[in-house]
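J.: Heads up: the protein sequence lines correspond to chains A and B, in order. Going by our numbering, the letters in the first sequence line up with residues 6 to 116, in that order. Going by our numbering, the letters in the second sequence line up with residues 77 to 188, in that order.
It is worth saying that the hints were derived from the structure and are not from the lab. Every residue, glycine too, gets a C-beta built ideally from N, C-alpha and C. Please note that the accuracy of each hint is not assured.
[Stated by the list, open to error] Below are the BS3-like pairs computed for lysine-lysine, each with C-alpha atoms no more than 30 Å apart in a straight line:
id: 1; chain 1: B; residue 1: K145; chain 2: A; residue 2: K62
id: 2; chain 1: B; residue 1: K79; chain 2: A; residue 2: K76
id: 3; chain 1: B; residue 1: K79; chain 2: A; residue 2: K88
id: 4; chain 1: B; residue 1: K145; chain 2: B; residue 2: K79
id: 5; chain 1: A; residue 1: K62; chain 2: B; residue 2: K130
[Said to hold, decoys possible] Beyond 10 Å from chain A on every Cβ pair, some chain B residues (computed):
id: 6; residue: A104
id: 7; residue: D107
id: 8; residue: Q118
id: 9; residue: G119
id: 10; residue: S137
id: 11; residue: R144
id: 12; residue: L156
id: 13; residue: Y163
id: 14; residue: L165
id: 15; residue: Q185
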Amino acid sequence: DGGITQSPKYLFRKEGQNVTLSCEQNLNHDAMYWYRQDPGQGLRLIYYSQIVNDFQKGDIAEGYSVSREKKESFPLTVTSAQKNPTAFYLCASSIPGVRPTFGDGTRLSIL
Amino acid sequence: LAKTTQPISMDSYEGQEVNITCSHNNIATNDYITWYQQFPSQGPRFIIQGYKTKVTNEVASLFIPADRKSSTLSLPRVSLSDTAVYYCLVGDLDTGRRALTFGSGTRLQVQP
Numbered sequence: 006d007g008g009i010t011q012s013p014k015y016l017f018r019k020e021g022q023n024v025t026l027s028c029e030q031n032l033n034h035d036a037m038y039w040y041r042q043d044p045g046q047g048l049r050l051i052y053y054s055q056i057v058n059d060f061q062k063g064d065i066a067e068g069y070s071v072s073r074e075k076k077e078s079f080p081l082t083v084t085s086a087q088k089n090p091t092a093f094y095l096c097a098s099s100i101p102g103v104r105p106t107f108g109d110g111t112r113l114s115i116l
Numbered sequence: 077l078a079k080t081t082q083p084i085s086m087d088s089y090e091g092q093e094v095n096i097t098c099s100h101n102n103i104a105t106n107d108y109i110t111w112y113q114q115f116p117s118q119g120p121r122f123i124i125q126g127y128k129t130k131v132t133n134e135v136a137s138l139f140i141p142a143d144r145k146s147s148t149l150s151l152p153r154v155s156l157s158d159t160a161v162y163y164c165l166v167g168d169l170d171t172g173r174r175a176l177t178f179g180s181g182t183r184l185q186v187q188p
């Protein structure tokens, strides 16, 4: 059954530590996206990638980094430079002409 | 990028029809309009997508006027389970050249 898998569903980290959120898709989609969602707010784009080994900053890329070494994977690292990392993180993927498909998100909490 | 504007919230009662409008004044020629539904702590789920005129599926209808500067999602006979946040997404899906940016969404509360 095809889809997007985000793991873990809940993640806790100490302040000052880097943390990496996983996003894997088996839909053979070329494009992948990371969004951040704060309580009661909409989705804000962090990074997106149209093809392997290429990615672009979204609206709120500061304090985050990504890699796209494989088509199926688009991990997001929340660095210690991100001032307020506690949020709900959503990964999505798409191909030209098809609307994005979303994972079920990872809720990150900084202790 | 096409910026979208939606009402922050709407209230309705079970069995009523709900219409949610999204404004996208600078929509581009290649942009599609897609609507998503999101429940708390879940990813957005696709509802309907269109380019112009009217599109209907088993759960909703999407009305797009000729100038395409707005669109209206219509939910017939809502139930309590339709309580969710609804997002309008406008973007160039064919080429994927541009990032897909969401608006702030409309929080729909359905009362018994």
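J.: Hint by hint, note whether the structure agrees.
T.: Results of checking the hints against the structure:
no.	hint	result
1	K145(B) / K62(A)	holds (27 Å)
2	K79(B) / K76(A)	holds (29 Å)
3	K79(B) / K88(A)	holds (26 Å)
4	K145(B) / K79(B)	holds (11 Å)
5	K62(A) / K130(B)	violated (34 Å)
6	A104	holds (15 Å)
7	D107	holds (12 Å)
8	Q118	violated (6 Å)
9	G119	violated (3 Å)
10	S137	holds (17 Å)
11	R144	holds (17 Å)
12	L156	holds (20 Å)
13	Y163	violated (7 Å)
14	L165	violated (8 Å)
15	Q185	holds (13 Å)
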